[in-house]
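Enquirer: Sequence:
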Amino acid sequence: MKMVANLDNVVDARRSSWRILSSAELTEEAKGNNIHLKHLKTYRQRVESEISIICRDIISVLDSHLIPSTSDGESTVHYHKMKGDFYRYLAEIKAGDEKEEAIEQSKKAYYKALTVAEVKLPPTNPIQTACRLTKIAFKEGTPEINTLNNEPYKNTLMALKLLRENYSLWTSQLPH
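When we follow the numbering used here, the leftmost residue of the sequence shown carries the number 10, and every step to the right adds one.
Among the hints, erroneous ones may be present.
[What the hints assert, rightly or not] Pair by pair, the computed Cβ-Cβ distance ranges are: (1) 40 / 138: 44 to 52 Å; (2) 45 / 124: 21 to 29 Å; (3) 77 / 141: 32 to 40 Å; (4) 105 / 44: 48 to 56 Å; (5) 59 / 109: 18 to 26 Å; (6) 42 / 15: 35 to 43 Å; (7) 81 / 105: 19 to 27 Å; (8) 51 / 108: 16 to 24 Å; (9) 18 / 55: 36 to 44 Å.
[To be verified] Subject to a maximum C-alpha distance of 27 Å in a straight line, what follows is the list of computed DSS-like cross-link-like pairs (lysine-lysine): (10) 103 / 121; (11) 129 / 108; (12) 121 / 108; (13) 129 / 117; (14) 116 / 103; (15) 40 / 103; (16) 47 / 129; (17) 121 / 47; (18) 116 / 129; (19) 50 / 129; (20) 40 / 50.
Hints were generated in silico from the structure; no laboratory data involved. Where a beta carbon is used, it is the ideal one built from N, C-alpha and C, also for glycine.
Let the hints inform the model, and build the full structure from the sequences given.
Expert: Here is the structure:
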């Protein structure tokens, strides 16, 4: 589980930078400051590219190595949940068809995690609880997030981040 926390930290730092840069872009655009806007956009795109590469690499490892090699219910659920998380991170930074595809893949991974959890884990298992909470939050929050202005958007992202942090805390406390 420490590996997951480390991977999340690597991506979280970049996601935070991406959000700050995106917000700064909006500010500079509103001011009409095209010189700053150009630099911010270039830097944001570089950070976005790093996030994409990291997420896709992690998803690839999950799909080609970790998910196929485990038969343990808890690990299987965890890996599918993790896959959903990394697709969700892609959905946060993408637009258009790429965003829709990332959302769809994230939903599929969360659904798979929940399906396996319901079959292989007791209802009191924290991973199953986390899967249910994440599915509900993501299902209900994703369609609405694009309609929010800056402040509610930040608050919603903070709530989703808190859910993810709680999930990480719960799973790190599980006996192995």
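Enquirer: Each hint needs a verdict: does it hold in this structure or not?
Expert: Each hint tested on the structure:
1. Here the CB-CB span from residue 40 to residue 138 is close to 46 Å, well matched to the stated 44 to 52 Å.
2. Separation of residue 45 from residue 124 is about 48 Å and departs from the stated range, judged on CB atoms against 21 to 29 Å.
3. A hinted range of 32 to 40 Å is violated for the C-beta pair residue 77 and residue 141, which are about 25 Å apart.
4. Between residue 105 and residue 44 the C-beta distance comes to about 27 Å, which lies outside the given range of 48 to 56 Å.
5. For residue 59 and residue 109, the Cβ-Cβ distance of about 22 Å falls inside the hinted range of 18 to 26 Å, so the restraint holds.
6. For residue 42 paired with residue 15, a C-beta distance near 37 Å keeps the hint of 35 to 43 Å intact.
7. Our hint of 19 to 27 Å for residue 81 and residue 105 is violated, since their Cβ atoms are close to 38 Å apart.
8. For residue 51 paired with residue 108, a C-beta distance near 21 Å keeps the hint of 16 to 24 Å intact.
9. Roughly 19 Å separates the CB atoms of residue 18 and residue 55, a value that falls outside the hinted 36 to 44 Å.
10. The suggested pairing of residue 103 with residue 121 holds, with an alpha-carbon distance near 23 Å, which does not exceed 27 Å.
11. Between residue 129 and residue 108 the alpha-carbon distance is near 31 Å, which puts this suggested pair outside the 27 Å criterion.
12. For the hint pairing residue 121 with residue 108, the CA-to-CA distance comes to about 20 Å; that is within 27 Å, so the pair holds.
13. Taking the CA atoms of residue 129 and residue 117, the gap is about 18 Å. The hint holds against a cut of 27 Å.
14. Note on residue 116 and residue 103: the hinted pairing holds, with a Cα-Cα distance of about 16 Å set against a maximum of 27 Å.
15. Under the criterion of a C-alpha separation no larger than 27 Å, the hint pairing residue 40 with residue 103 is consistent with the structure, at around 25 Å.
16. Proximity of residue 47 to residue 129 is assessed by CA-CA distance (about 51 Å); at most 27 Å being required, the pair is judged violated.
17. The hinted pair formed by residue 121 and residue 47 fails the criterion: a straight-line CA distance of about 41 Å is larger than 27 Å.
18. With a C-alpha separation of about 20 Å, the suggested pair residue 116 and residue 129 falls inside the 27 Å cut-off, and the hint holds.
19. Taken as a hint, the residue 50 and residue 129 pair is broken in the structure, with Cα atoms around 46 Å apart against an allowance of 27 Å.
20. Annotation: proposed proximity of residue 40 to residue 50 holds, straight-line Cα distance about 15 Å (limit 27 Å).
Going down the numbered hints, you'll see the structure goes against 2, 3, 4, 7, 9, 11, 16, 17, 19, while the others check out.
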